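K.L.:
Residue-level listing of the chains:
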Amino acid sequence: GQQVMQIPQYQHVQEGEDFTTYCNSSTTLSNIQWYKQRPGGHPVFLIQLVKSGEVKKQKRLTFQFGEAKKNSSLHITATQTTDVGTYFCAAETTDSWGKLQFGAGTQVVVTP
Amino acid sequence: ETGVTQTPRHLVMGMTNKKSLKCEQHLGHNAMYWYKQSAKKPLELMFVYNFKEQTENNSVPSRFSPECPNSSHLFLHLHTLQPEDSALYLCASSQEGQGSLTLYEQYFGPGTRLTVT
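Protein sequence lines, in the order shown, are assigned to chains E and R.
Oh and the first sequence: position 45 is 850 in this note's numbering, straight run, nothing missing.
Oh and the second sequence: position 2 is 470 in this note's numbering, straight run, nothing missing.
Treat the hints with caution; some may be incorrect.
In silico SDA-like links for lysine to any residue, alpha-carbon gap of 25 Å or less [claimed, not checked]:
hint, chain 1, residue 1, chain 2, residue 2
1, E, K841, R, K504
2, E, K904, R, V480
3, E, K875, R, E573
4, E, K904, R, S506
5, R, K509, E, T898
6, R, K508, E, K856
7, R, K509, E, A883
8, E, K904, R, G482
9, E, K875, E, L851
10, E, K856, E, G845
11, E, K875, R, K508
12, E, K904, R, K486
13, R, K509, E, K856
14, R, K509, E, N876
15, R, K520, E, V849
16, R, K490, E, T898
17, R, K504, E, S835
18, R, K504, E, I812
19, E, K875, R, F519
20, E, K904, R, R581
21, R, K490, E, K856
22, R, K520, E, A873
23, E, K904, R, N485
24, R, K509, R, Q550
25, E, K904, R, M481
26, E, K904, R, T484
27, E, K904, R, P578
28, R, K487, E, G845
In case anyone wonders, no lab produced these hints; they're calculated from the structure.
As the structure is a computational prediction, the values presented were derived from the model and not from experiment.
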């Protein structure tokens, strides 16, 4: 079964609002990566988190790795139309050693 | 972005055809990957090559056959495919890992949109 779960699957956001997407696992994660795929495009790497409780920021994007290393979140403030796309988390779990397991993604639609 | 290129970008083939997908990376990486992306499903890892050696075959049907002649090139040979094989096939590359390939980000190509009729 799927080891890395992402919620929500879809997110409709009004431009200017904030939103958060979550990545959860029942097993401990060695590390976690986040990717963004624009409509019609391919996944593009955003960030990697390795340490327990780690927080990293990229402009309006804030990435967090849980203390227990079983979950992660991506928070976007003041959403813009350029944020449209699908955000994937990908992680190496204890059951998938040496390979990244991708979540199903959160598809984000921004309403002007 | 031209770090990872894939050809063709679109492919329509019948179930009895034989075709090949090509991937080339210009990043000096030693690990290359094939993924399948179907609608409403997570990215599925198909094959992994590290230093030209296949290190992962994720229970992929034998109608998909990978080939990695060198660290810069990766092929996916297709034959007698089924309609459910229609999907976006993505190639990616990354630096080799010291004990774990997942410590490095993956760079994806634009993909080949495959339709099996």
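K.L.:
Confirm or reject each hint.
P.N.:
Structure-based check of all given hints:
1. E:K841 <-> R:K504: Holds, at about 16 Å.
2. E:K904 <-> R:V480: Measuring from Cα to Cα gives roughly 30 Å; hence the hint is violated.
3. E:K875 <-> R:E573: 20 Å, holds
4. E:K904 <-> R:S506: 19 Å, holds
5. R:K509 <-> E:T898: 19 Å, holds
6. R:K508 <-> E:K856: 30 Å, violated
7. R:K509 <-> E:A883: Answer violated: K509 of chain R to A883 of chain E is near 29 Å, above 25 Å.
8. E:K904 <-> R:G482: Judged against 25 Å, a Cα distance of about 32 Å means the pair is violated.
9. E:K875 <-> E:L851: 19 Å, holds
10. E:K856 <-> E:G845: With a Cα-Cα distance of about 33 Å, the restraint between K856 of chain E and G845 of chain E is violated, given a limit of 25 Å.
11. E:K875 <-> R:K508: 23 Å, holds
12. E:K904 <-> R:K486: 29 Å, violated
13. R:K509 <-> E:K856: 28 Å, violated
14. R:K509 <-> E:N876: 20 Å, holds
15. R:K520 <-> E:V849: Judged against 25 Å, a Cα distance of about 24 Å means the pair holds.
16. R:K490 <-> E:T898: Not OK: K490 of chain R and T898 of chain E at ~30 Å, beyond 25 Å, violated.
17. R:K504 <-> E:S835: 24 Å, holds
18. R:K504 <-> E:I812: The given pair, whose Cα atoms are some 21 Å apart, holds under the 25 Å limit.
19. E:K875 <-> R:F519: At roughly 31 Å apart (the allowed maximum being 25 Å), F519 of chain R and K875 of chain E break the hint.
20. E:K904 <-> R:R581: Between K904 of chain E and R581 of chain R the Cα gap is close to 24 Å, so the pair holds against 25 Å.
21. R:K490 <-> E:K856: Given that 25 Å is the threshold and the Cα spacing comes to 37 Å, the pair is violated.
22. R:K520 <-> E:A873: Violated, at roughly 36 Å.
23. E:K904 <-> R:N485: The hint is violated at about 31 Å.
24. R:K509 <-> R:Q550: 18 Å, holds
25. E:K904 <-> R:M481: 30 Å, violated
26. E:K904 <-> R:T484: 32 Å, violated
27. E:K904 <-> R:P578: Judged against 25 Å, a Cα distance of about 21 Å means the pair holds.
28. R:K487 <-> E:G845: Answer holds: K487 of chain R to G845 of chain E is near 23 Å, not above 25 Å.
The structure is inconsistent with the numbered hints 2, 6, 7, 8, 10, 12, 13, 16, 19, 21, 22, 23, 25 and 26, although it conforms to all the rest.
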